[in-house]
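Enquirer: Residues per chain are reported as follows:
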Amino acid sequence: MTFDYAPAPESRAVVDIAPSYGLFIDGEFAPASDGKVFKTVSPSSEESLSEVAQASAEDVDRAVKAARKAFEKWSALPGAERAKYLFRIARIIQERSRELAVLESLDNGKPIRESRDADLPLVAAHFFYYAGWADKLDHAGYGPNPRPLGVAGQVIPWNFPLLMLAWKIAPALATGNTVVLKPAETTPLSALFFADICRQAGLPKGVVNILTGDGSTGAALVGHPDINKVAFTGSTEVGKAIARTVAGTDKRVTLELGGKAANIVFDDAPIDQAVEGIVNGIFFNQGHVCCAGSRLLVQESVQDELLEALKRRMRTLRVGDPLDKNTDVGAINSAEQLARITALADAGEAEGAERWAPDCELPGSGYWFAPTLFTGVTQAHRIAREEIFGPVLSVLTFRTPAEAVEKANNTPYGLSAGIWTEKGSRMLWMASKLRAGVIWSNTFNKFDPASPFGGYKESGFGREGGRHGLEAYLNV
Amino acid sequence: MSDRLSVLKTYKLYVGGKFPRSESGRVYEVTDSKDRWLANAPLASRKDARDAVVAARKAFGGWSGATAYNRGQILYRVAEMLEGRRDQFVAEVADAEGCSKAKAAAQVDAAIDRWVWYAGWSDKVAQIAGGANPVAGPYFNMSAPEPTGVVAVLAPQESSFLGLVSVVAPAIVTGNTVVVVAAQDAPLPALSLAEVLATSDLPGGVVNLLSGRTAELGAPLAAHQDVNAIDLAGADAGLAKDLETAAADNLKRVLRPGAVDWSAAPGTERLLSFLETKTVWHPMGV
Chain A
1 MTFDYAPAPE SRAVVDIAPS YGLFIDGEFA PASDGKVFKT VSPSSEESLS EVAQASAEDV
61 DRAVKAARKA FEKWSALPGA ERAKYLFRIA RIIQERSREL AVLESLDNGK PIRESRDADL
121 PLVAAHFFYY AGWADKLDHA GYGPNPRPLG VAGQVIPWNF PLLMLAWKIA PALATGNTVV
181 LKPAETTPLS ALFFADICRQ AGLPKGVVNI LTGDGSTGAA LVGHPDINKV AFTGSTEVGK
241 AIARTVAGTD KRVTLELGGK AANIVFDDAP IDQAVEGIVN GIFFNQGHVC CAGSRLLVQE
301 SVQDELLEAL KRRMRTLRVG DPLDKNTDVG AINSAEQLAR ITALADAGEA EGAERWAPDC
361 ELPGSGYWFA PTLFTGVTQA HRIAREEIFG PVLSVLTFRT PAEAVEKANN TPYGLSAGIW
421 TEKGSRMLWM ASKLRAGVIW SNTFNKFDPA SPFGGYKESG FGREGGRHGL EAYLNV
Chain B
1 MSDRLSVLKT YKLYVGGKFP RSESGRVYEV TDSKDRWLAN APLASRKDAR DAVVAARKAF
61 GGWSGATAYN RGQILYRVAE MLEGRRDQFV AEVADAEGCS KAKAAAQVDA AIDRWVWYAG
121 WSDKVAQIAG GANPVAGPYF NMSAPEPTGV VAVLAPQESS FLGLVSVVAP AIVTGNTVVV
181 VAAQDAPLPA LSLAEVLATS DLPGGVVNLL SGRTAELGAP LAAHQDVNAI DLAGADAGLA
241 KDLETAAADN LKRVLRPGAV DWSAAPGTER LLSFLETKTV WHPMGV
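Here the protein sequences line up with chains A and B, keeping their order. Residue numbering for the first sequence is 1 to 476, as defined by our numbering. Residue numbering for the second sequence is 1 to 286, as defined by our numbering.
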């Protein structure tokens, strides 16, 4: 006999979303210069949540001017004072974390379990961590009295909207820069709520400016002649375009881009723990994670046992309402992303890989994709080479550690990798051979503000988090 | 003064530990500051540049996998070998740059000392650029720098030897391998340095030296999909912009050109420019 889960919805009442929002420039909300707006929808229901402004090049210019004006005083403020603003922000985020978690799940589609237990705690921790650096920069190893760069133009993705905002804004402000930040087109709301947090914290006007808009807003920001720094998280394709835009200028740039991480399971790995790690690696946040463990490399001798256990575990994943506290996998963020995932999964089948997904009922409205795995995948298949950015796992096999390294590194990306083995010497040997910026051994998808994050090769350059994350915003 | 006719040296490229001529068969005339003929240097081609990248890639695994102590000793060995051939380099630098013997000697001495300085960094850089990260959970977490890979280096035009050493040593001491384009009009000290490198226990392919036109060789290197980073020290503003644009295609790490006093203490910028930070997590528990 089977038991059904009763619905356990988190209340929406904790969030008050206004019918429309302007751009946050110089401490005030204002409509776009040309009055253009666009809707943001909840991907789990396609319900329109609010209408936000589409910032024009003129708005970008106004925001950069506001940030430039604010830079003089903000950068001259003693570090200890800047620190206190950031500590205030961290505390207000903690106070409002349930509201922000619900908002994030509504606008992004991610399960409340994740927005509540992963995103929001990490957001607050990130501000708390960098707050403490603001008055200690002399000791950070970048020489005495390191200086801020000026105005930072920051463009962030839709997969972790508020967390990516924190990763960008906290180190920038701690080091004395001012920012113009553009949230992703499909997830603008938490950044606009953050503007309200800046107001509550009494942050000086113009230090943080938030511009909503599409790719054209981002391009105008990155190309603006009066910004000193570009920080981007998103696709490798856009990252390359940004690198071309800043060529020949004095703008500093950090890029955190795509990935196609190998999650490598050896025959001595604890299978149950590895299965949890594989599930967390690829189905966390619907697989909308640049460091997702999207290529499972399993040692041939344990392939059958591991896949059986993995399928058993996947059958228990609950896909559905992001606001239900029992939901494991939420909605795909947009129709566009769903189309991309669908196309790549279809290509996997067409190229000869074997597709499997548990029976699971998907909601009738909204954008959904069942957790899926492909076996019989070769390195030439598109699903082994291209970033899918969805809940799709490609399974490949290996016999020797050297073959695992060869296959794991056979990608233009180099963001992360996972290793599952009980043998310490093998783990360390593998970790040293894998060309990736973050190595999770016997764990996966762990993040911490003190831990530097960023990629090798075409996964971008620069690090976010830790002492390393300061460098991107200092004139060193 | 003897009236013996001297034996002239045929200057060659240095690729994969060997001394080939340019595959193109081309040479160009190198003169001193008074336009007197010094030598015919190889005018390396795009194909030579690609061959050099292959050699550098082949050498990367071994060199980056060597112990830091080993790399440090090899860089120190370069200084030892240079010291013994100091007079030769003083003469070549004086000819190349049209400066006095005393000024040339000061540059060569500084270049030798720079090898020594960087040699010492091999087993220290990880301790200033890495460390333990106190994460909020039961995890061992540490970050350490690793070499970026194959680095294309356009050596400074204005400092044919001290400038060259100042861009090559910091790239290789951390385990990168390099393809170097020597100063276009003064390539001879660089080509002679290859003879020193070849006798310093440096594995073939770790440093590959090309002479020729900086713009002609910079283009295929900046666009090469198997080059991980590029140091544009020897590019003018226009060329630097073009090469940085081409380098974006595989997201090479780019060190832009700037005014550098090569005789000043170098600091750690170049040393740290061609490193990647790797962070490793592992749970703690019993």
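It is worth saying that the hints were derived from the structure and are not from the lab. Just to be clear, a hint being listed does not mean it is correct.
What the hints assert, rightly or not - Derived DSSO-like pairs: lysine-lysine, alpha-carbon spacing no greater than 30 Å straight-line:
hint: 1; chain 1: A; residue 1: K39; chain 2: A; residue 2: K325
hint: 2; chain 1: A; residue 1: K446; chain 2: A; residue 2: K423
hint: 3; chain 1: A; residue 1: K65; chain 2: B; residue 2: K241
hint: 4; chain 1: A; residue 1: K205; chain 2: A; residue 2: K311
hint: 5; chain 1: A; residue 1: K446; chain 2: B; residue 2: K18
hint: 6; chain 1: B; residue 1: K58; chain 2: A; residue 2: K240
hint: 7; chain 1: A; residue 1: K240; chain 2: B; residue 2: K18
hint: 8; chain 1: A; residue 1: K407; chain 2: B; residue 2: K241
hint: 9; chain 1: B; residue 1: K47; chain 2: A; residue 2: K446
hint: 10; chain 1: A; residue 1: K433; chain 2: B; residue 2: K124
hint: 11; chain 1: A; residue 1: K84; chain 2: A; residue 2: K136
hint: 12; chain 1: B; residue 1: K241; chain 2: B; residue 2: K47
hint: 13; chain 1: B; residue 1: K124; chain 2: A; residue 2: K423
hint: 14; chain 1: B; residue 1: K47; chain 2: B; residue 2: K18
hint: 15; chain 1: B; residue 1: K58; chain 2: A; residue 2: K433
hint: 16; chain 1: A; residue 1: K407; chain 2: A; residue 2: K311
hint: 17; chain 1: B; residue 1: K47; chain 2: A; residue 2: K240
hint: 18; chain 1: A; residue 1: K65; chain 2: A; residue 2: K205
hint: 19; chain 1: A; residue 1: K240; chain 2: A; residue 2: K84
hint: 20; chain 1: A; residue 1: K136; chain 2: B; residue 2: K124
hint: 21; chain 1: A; residue 1: K433; chain 2: B; residue 2: K18
Enquirer: Check the structure against each numbered hint from earlier and tell me which ones fail, lowest number first.
Expert: 4, 5, 7, 8, 9, 19
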